[in-house]
Amino acid sequence: LGNASEGSSEGSLSADGSSTVYPITSKAGSLWNSNPPADDEEYWGPGQYDIDSDENLADYWAGLYGFEANDSGKPPFETSIGLNHTGVGLQKLEEGQVDIGDASAPVSAEFPDRSESELEPFVDHVVAVDAQPIMVSKAVQDDGLDKITLEEVQGIYQGEISDWTEVEAYDGPSKEVQVIGRAEGSGTDTSFRNNVLGDPDAEMEVDSRKGENQQVQTTLEQSDNAIAYAGLAFVSDQAPMVNLVIDGTEYTREKMAEPEYPLARDLHCYTWEDTSEKEAAFIRMILHPYGQQQFVEPADYLPLTDERREEELSKLPEPSN
Amino acid sequence: MSERSLQYQSQNALTVEHSPTLTGLSVVPIGLFLVAFVVGSATLAGWLGFESPLFGLALETVFTALLFASGACLLATGAASRLEIVDTTPDRSAGVGVASGFGFVAFSAIGLTASQTFGLGGVRWALPASVVGVLVAGSILFAREDFGVTVPSGLFSLLIGGLFLFDVIDPSWTFSPAGFGVTFFGTVFVPLLTIVATFVGAWAAANAFQGFGAAGRQAGAFFLIGTNAALILLVLVLLIAFIVKNGFWYAVDGMEIGPGLHFHWPFVMDGYDVFLGQKGIFPAIVGTFWLVVGAVVLAVPIGVGAAVFLTEYAEQGRFTSVVEVATNGLWSTPSVVFGLFGYAFLVPRLGNNTSLLAGMIVLGFMLLPLVLITSREAIKSVPDEYRDASAALGVSKWETIKEVTIPSAMPGIVTGVIIGIGRIAGETAPILIVTADNPQRKFAPAVLGSFEFTATPPFIVNDALLSGSSALPYQLYGAITTGVVGDDPGYGWATAFVLLLVVLSFYVIGIMTRMYFRKKLHA
Amino acid sequence: MSNRMNEPQEPAESNRQSTDSVTQTTAGESQEKIQPEWTEYEFQGDPKFSVEDLDVYYGDEQALQGITMEVPENSVTALIGPSGCGKSTFLRCLNRMNDRIKSARVEGSVELDGEEIYQDGINLVELRKRVGMVFQSPNPFPKSIRDNISYGPRKHGELETGLLARLRGTDSTDREQQLVERCLKQAALWEEVSDRLDDNALGLSGGQQQRLCIARCLAVDPDVILMDEPASALDPIATAKIEDLIEELAKEYTVIVVTHSMQQAARISDQTAVFLTGGELVEFDDTDKIFENPESQRVEDYVTGKFG
Amino acid sequence: MSNRMNEPQEPAESNRQSTDSVTQTTAGESQEKIQPEWTEYEFQGDPKFSVEDLDVYYGDEQALQGITMEVPENSVTALIGPSGCGKSTFLRCLNRMNDRIKSARVEGSVELDGEEIYQDGINLVELRKRVGMVFQSPNPFPKSIRDNISYGPRKHGELETGLLARLRGTDSTDREQQLVERCLKQAALWEEVSDRLDDNALGLSGGQQQRLCIARCLAVDPDVILMDEPASALDPIATAKIEDLIEELAKEYTVIVVTHSMQQAARISDQTAVFLTGGELVEFDDTDKIFENPESQRVEDYVTGKFG
Amino acid sequence: MSNTLQRGDQSEIDEGDDRRESLLRLVAGASLGGSLLTFLVAPWLTVFFVIAFLAVVGYGWLAYQERTAKGLMFLATVSTALVLVLIIAFLFIRSLPAFGHMGLDILYTDGDFWSRANDRYSLYPAIWGTGLTTILATIVAAPLGIASAIFISEIAPPWAHEIVKPAVETLAGIPSIVYGFIGFTIINGYMMDNFGLSSIGSIVVVGVVVGLMALPTVASVAEDAIASVPDHMKDGAVAIGATEWQTIKTVTIPASFSGVSAAVLLGVGRAVGETMAATVILGNIMELPEPLYNVFGNTVTLTSLIASQYGNSHGLHREALFAAGVILFITVMALSVTAQIIEARVKRNLGGDL
Ligand SMILES: Nc1ncnc2c1ncn2[C@@H]1O[C@H](COP(=O)(O)OP(=O)(O)OP(=O)(O)O)[C@@H](O)[C@H]1O
Ligand SMILES: Nc1ncnc2c1ncn2[C@@H]1O[C@H](COP(=O)(O)OP(=O)(O)OP(=O)(O)O)[C@@H](O)[C@H]1O
Ligand SMILES: [Mg+2]
Ligand SMILES: [Mg+2]
Ligand SMILES: O=P([O-])([O-])[O-]
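Going line by line, the protein sequences match chains F, D, S, L and U. First residue of the first sequence? That's 1 in our numbering, and the numbers climb one at a time after it. First residue of the second sequence? That's 1 in our numbering, and the numbers climb one at a time after it. First residue of the third sequence? That's 1 in our numbering, and the numbers climb one at a time after it. First residue of the fourth sequence? That's 1 in our numbering, and the numbers climb one at a time after it. First residue of the fifth sequence? That's 1 in our numbering, and the numbers climb one at a time after it.
Extracted from the complex, chain F is given alone in its bound form:
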């Protein structure tokens, strides 16, 4: 038994961690394992992405780093993607239990009391951007709340605003604000505090804390007075987002992609010490426009700009063929 040094199982690539990043990596992993052929238009179809290949999906991406294709149609190596939280992902990565630690907050915010050098071995790969939305219950939106200022959000989460009538854009009846947060220690919570309240350890007052983003969404859907933050992937009809107004600028869904949007956060795939060829093959797939279109956009996250993509790609080892 003892310490498995590389990954939980030989041969396969394992990732675990953030539930926010999970929709991306999980879809990527699932398709990787299915290894669709090149003529599959829906999920692979390399030609659509200016990729010149007739290989199956995983065969192609793994092939870039010299992994041999299988005759059986199976990928050169399998992937397994765990669902957990940022903290768990990073910890498992550190303990050598997984190859990739998914994180929805930077490692520095997740482990605020660690020194630079302690954080050094975490190699950061940003794979997408989540412009963390402010979401409210449908009923609140219906009562006119289509935008909210950053100060109001801060007031709500610091316990200064407790009734919706205190929010300017709201013109419905008096109603208590139900403040919903994510569990402490989750990446989503950490980045929200970091971005909105200015400190990953800032105090906040909430009415309930949900373990996962999906629970936040369900709670919004069931309530008529709630406000919450989650990931873009979890916005729904009954749990709509509202525009955030910062210094007079109203950030709509479209404008959230702009780098100035203060709640924007990067979604990370950390690797340990180096990036192995296996890890690189998988991350390269996600970083490629193919991956951004196939995995990031359907999950409602924002793809990286070309510039940032190039920068992230440059951190990966060069493909061997």
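Careful: at least some of the hints might be erroneous.
[To be verified] Some chain U residues close to chain D (C-beta under 8 angstroms, calculated; not the full set): (1) Pro43; (2) Leu104; (3) Leu107; (4) Ala147; (5) Val168; (6) Glu169; (7) Ile174; (8) Pro175; (9) Asn194; (10) Gln246; (11) Val272; (12) Ile306.
[Said to hold, decoys possible] Simulated restraints on C-beta separations: (13) F:Glu41 - D:Met269: 24 to 30 angstroms; (14) L:Arg196 - U:Ser22: 48 to 54 angstroms; (15) U:Gly131 - D:Ser176: 21 to 27 angstroms; (16) L:Asp120 - S:Gln297: 57 to 63 angstroms; (17) D:Thr15 - L:Asp288: 55 to 61 angstroms; (18) D:Asp384 - S:Glu292: 42 to 48 angstroms; (19) D:Arg124 - U:Gly315: 49 to 55 angstroms; (20) L:Gly162 - D:Ser505: 40 to 46 angstroms; (21) S:Ser205 - L:Arg100: 26 to 32 angstroms; (22) D:Glu385 - L:Asn293: 34 to 40 angstroms; (23) D:Phe517 - L:Arg100: 25 to 31 angstroms.
Simulated from the structure, these hints should not be mistaken for laboratory data. Don't be surprised by glycine CBs; every beta carbon is placed ideally from N, CA and C.
Chain F is already provided as a structure; the job is to place chains D, S, L and U with the ligands on it using the hints.
Same frame as chain F, but now just chains D, S, L and U with the ligands:
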């Protein structure tokens, strides 16, 4: 004969005859309660609304009418009994229990009105409340039983009905007790109060039905206890029906049977695969299967062995009582504590990762006390005659245990194990902590195919056992908390349906096994 | 009084027990009537119980077959017979304790003082107050001796004590004390326990417990006392006390006692009924006659020890 | 052979049971020796059992007091006495079944064919094979009739069946069949069950079950058969069959039978031992003598029904 | 024909046998102890000891089946107790830092209960929440459970008995996550809509759901207790003309009172330890409800604290969760032991009859 003439009571008639009047009067409130229960529950569940009339009557009118009818019937019953129009056998008093019950109702009602409606703060509301409460209790105590039972319950119904009639409480009424952050709406309160008041009335009527006295109190008590049993049945049926209704069609979607041996049940037999468009939970089912197998393999030999040792070999003493305390302690240890323990003890020692094996062991530990306790009972209940008979034939203890004791205890042991399995198969918390990793798997853990021999210790490894796995309860947890399949609520219900199907099958099989063996033994 | 067996069969009476299948035995499954092996038992005065054509079934099995007999008042009637012949079953028919056995079904008629006890609307409480019962093994409640005795009267509302009763002025502590004393004296237990009436009854010896059970039964003022092998769990000395007590009780009460000891039956009873396997009543007559000169050959065999 | 009571007391023997406190009754707590009320019982031939000065205690309570008697071979010895007098206790001393009762302590000597059975290193398996036992209520194992009978021999390695045995060539299915047949015939049960040997034994009637238990006991080929009220749970017809069987068995075996029915003792036994409350053996003699002309007054009272 | 009764002539062989047996026992004990020890400190070595143990046991089985079997069964018995010891040990060891860091504040403190930033981990709100939900659950489970027990063992006609008893048992089989699922998706929303709650999740819902889950425990343990009151004791009451209900009330229940109260205690234990339903239904905030007894408010229980924060914790935070486990464990053990003491006392007092 002299001593017997001291007797203070003449003999009563050997037969009792209840007049049809009494029977008629007392059956009505019970029927009214049933109607109120059905209509009220339907209203609470939102199937009936106050906007839409029922048989041309406003819902509020229906409730008011029910209450007045019930109250009137009860008062009439009380009067008829008191005036001896009908033959009853009431006691001198309804007793302290009834008196304090109604006293408490009066106390709370006055207290609430005083504090919430008239805003009497502090404890000033307590004074009028106590006075009225004591008055009500006292007068019930000193009234004859027939009055003490019917009048307060009848008045209670009439009072509530009056509140409805004069629109003191109507569907638009609201009540927010200060500081609780809760609002009682008339839409909920009206049906709720109707059910409660008619229920009290039905209890009183059950009392009257048997002519009060000891027989009446028995009828009242049996009515309460019987209603409780019926409600529990109702809850069970509703729970199951609800899950089935929401999950069944999703779960059986795309099921194909035939031709020939072809059988495909996508939700149950497929894994999760984006590319193939499969959204099945096969890996979770297999995960649960292996968890159960592992737990059984671990717990059954230890549990049965310990049970045999404790019953057949150990002297009753300090050692056995320590083991008993430990067993009962294990039985009541919360599952999440088992999870933490597994995380601290097993995970670091089994590849430092969440794993199927860790889950098996933790669930095995949870199953252990169940197996031990039930096996012990079963072995204890093997008649000593068998053991004596065997000993008298010169057969040793161990042979007796193997050949006679354990086979005779087998039905009990098997039943215990099956029901124990049902229980652990539904456990979520420990799995969450020591086994779970990816809820969306394509392939089930291939435990059998993963054994490998190595040259270094431990010489035999099984990758599947040492990796994480999904399991049905975890799958359901995943569906609730992380929306693993996006906006697809049916997926969660279908998972719940399959989980329930698996767990309850174990229970049903266990219970039927026991019934079968009981019948066989008694035949 | 005559053995009714010889009278013409009456049509099915409507006052049979009203459980399922009350139907009179139909022609199809008509059973052979057991021919009595003895002439009627005659006695003076009214019968306390008149049992007629009583059949009892446990599920499908018949435990008693067409029992017809009349039990005279203020005397001791012994029921004897081999194990399993239905003595206990018969006894439990007389106060309808068989109602508590789910599988038991009773057909036929039992009259207490001329009133049918297997009819609708019978007041079981009243019946059991009149027909008391003492069981094979002593079964006092785990309460004080006093409470054991006052239990019945209290449940029947004849005694009230405690704060509430005192408030209402219906307190009957004194009467309770009198009652306890009277019953214990009648049961020949007073001397032994008068100084510890508030001790738990389970602390008494077996024989004392059994007498306490008799006292408890007397406290509700029954007419009849049924006893099912009341001395079988006791040692000879305790047995002797119980036997004396039974003879004493017969002065005021009708006592019906099951015993498996023929000697005991001979010692204590005025008349004896002999049941034999299969649940038939084979002979019922004066005890002396039964033991010295029975009419039935089978009874003769039984009492002389040819079997059993 | 003479009643050893009259012989001088031997010093404490070392071969008493080796449980705790084996010490001989010390002078301090010396009990009065019970004076025999009858003269010695003499018979011809060797005794099967010689019991000498046997005391049995349950915890602190003494259940048997200084029993001394010799049981002749190939005959039926009946043990009678009121309930609780220690008959069962005595019987269970003879095959050391009392070892199974934690609180029981045995002092004194019991010899089987001249060999002390209360000595260290006794082979209990062998003892119990030689001294078989049949219990009050029939207790067949919940197995087939055949398996019930072959159970003992199988466990003693005398029979082997099944695949393994067949592979090894030691299969003894035939011998098993013969054994089953022989025992069932001896127990007078063959006729009734020969066509359903593989049915569960619990399906038999009580009397059949009891005979099956006897057959099961015969299968291990004992010398002695102890029976503790073997017919008390049975109806007269089954009882009669068992009684016949006992008389039959006495031709080949030594049978010792406890009964609470004096009639039964009179019918079946050659000699009778009367125990009375307190655990004393009051008289042991030919059955006829005991019932017609006992020497002890207490026995006379007992057998004529003055008490019990 | 028959063998001698004595075994004396075999004594020499016996002695050799005895020596070999003690040796075997020694080796088996050592290898087993070794396995355990290595599993604790160096798990990769465990396999050698396990092999040794299996070898010894295998040999012992062939040579001395009875004694080997007895030894193995003894081991099984000991290991049952050992599991509990291990649980205690690991829970306590892992939680010590949290107890050390927080001192008594971990049990009770005013305000500022839980903050990762300040390393404050007071379990007070969770303890309070557990207490409150448990009280509510007991209010539901105890009377209804006892009533069901009475119904099943005393009142039900055979057909109803055949339905209700298995139904109550089946109720015990519904997994807690299913209750949680229904609570989370349906009841929470219903309470929001119909009781005007201002936030999702409330103690009262959890209390009622958990009460429903503890009900079968109460019912079945109480039923055993009630059914163990001997029939002849009840017959005694009925035969002097008490009604069935009077008999139940004044003879059966008092006689089985301790068993029934043990049933309630065990039910309370179940309620205290119930996890998943609380986790998904409650808001899980480390705050007290306001006012303290506001059952419509939101808080966290010890169990839901562990299950909801477990995944996001490390360091002292995680140790604090272990501390929550310790408190849970101690509570439940105390309840269980009390229940057993009560039951033992009854047995002693009533001479093992009840
Ligand atoms: N509760 C019962 N259910 C089914 N059968 C019963 C029940 N009670 C008694 N029987 C059967 O009815 C028959 C008569 O039983 P009963 O107890 O009346 O006999 P008894 O004469 O009192 O015997 P004993 O002397 O052993 O007490 C027996 O065959 C018995 O097995
Ligand atoms: N296991 C035991 N533990 C304690 N005392 C016992 C035990 N067995 C019997 N006794 C007591 O020993 C005495 C003799 O009992 P034993 O069973 O030998 O009597 P018995 O003559 O067989 O009576 P019965 O005719 O009732 O079967 C009795 O006082 C009994 O209470
Ligand atoms: Mg009887
Ligand atoms: Mg006996
Ligand atoms: O699950 P998280 O992404 O919030 O850590």
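Results of checking the hints against the structure:
1. Pro43: For proline 43 of chain U, the interface hint holds, since the closest Cβ of chain D sits about 4 angstroms away, which is under 8 angstroms.
2. Leu104: 22 angstroms, violated
3. Leu107: 18 angstroms, violated
4. Ala147: At 4 angstroms from the nearest chain D Cβ, alanine 147 of chain U passes the 8 angstroms test, so the hint holds.
5. Val168: With a closest approach of 6 angstroms, the valine 168 of chain U hint holds.
6. Glu169: 6 angstroms, holds
7. Ile174: 6 angstroms, holds
8. Pro175: 3 angstroms, holds
9. Asn194: Result: holds, 5 angstroms to nearest chain D Cβ.
10. Gln246: 6 angstroms, holds
11. Val272: With a minimum Cβ separation of about 7 angstroms from chain D (threshold 8 angstroms), the hint on valine 272 of chain U holds.
12. Ile306: Since chain D brings a Cβ to about 5 angstroms from isoleucine 306 of chain U, closer than 8 angstroms, the hint holds.
13. F:Glu41 - D:Met269: 24 to 30 angstroms: Given a distance of about 27 angstroms, which is inside 24 to 30 angstroms, the answer is holds.
14. L:Arg196 - U:Ser22: 48 to 54 angstroms: 50 angstroms Cβ-Cβ, so the 48 to 54 angstroms window holds.
15. U:Gly131 - D:Ser176: 21 to 27 angstroms: About 25 angstroms separates the Cβ atoms of glycine 131 of chain U and serine 176 of chain D, which means 21 to 27 angstroms holds.
16. L:Asp120 - S:Gln297: 57 to 63 angstroms: 58 angstroms, holds
17. D:Thr15 - L:Asp288: 55 to 61 angstroms: 60 angstroms, holds
18. D:Asp384 - S:Glu292: 42 to 48 angstroms: About 44 angstroms separates the Cβ atoms of aspartate 384 of chain D and glutamate 292 of chain S, which means 42 to 48 angstroms holds.
19. D:Arg124 - U:Gly315: 49 to 55 angstroms: The hint (49 to 55 angstroms, Cβ to Cβ) holds, given that arginine 124 of chain D and glycine 315 of chain U are roughly 52 angstroms apart.
20. L:Gly162 - D:Ser505: 40 to 46 angstroms: Violated: the Cβ-Cβ distance is about 35 angstroms, outside 40 to 46 angstroms.
21. S:Ser205 - L:Arg100: 26 to 32 angstroms: With Cβ atoms ~28 angstroms apart, the hint holds.
22. D:Glu385 - L:Asn293: 34 to 40 angstroms: 39 angstroms, holds
23. D:Phe517 - L:Arg100: 25 to 31 angstroms: At roughly 28 angstroms between Cβ atoms, arginine 100 of chain L and phenylalanine 517 of chain D fall inside 25 to 31 angstroms, so the hint holds.
In this structure, the earlier hints numbered 2, 3 and 20 are contradicted, and the remaining ones agree with it.
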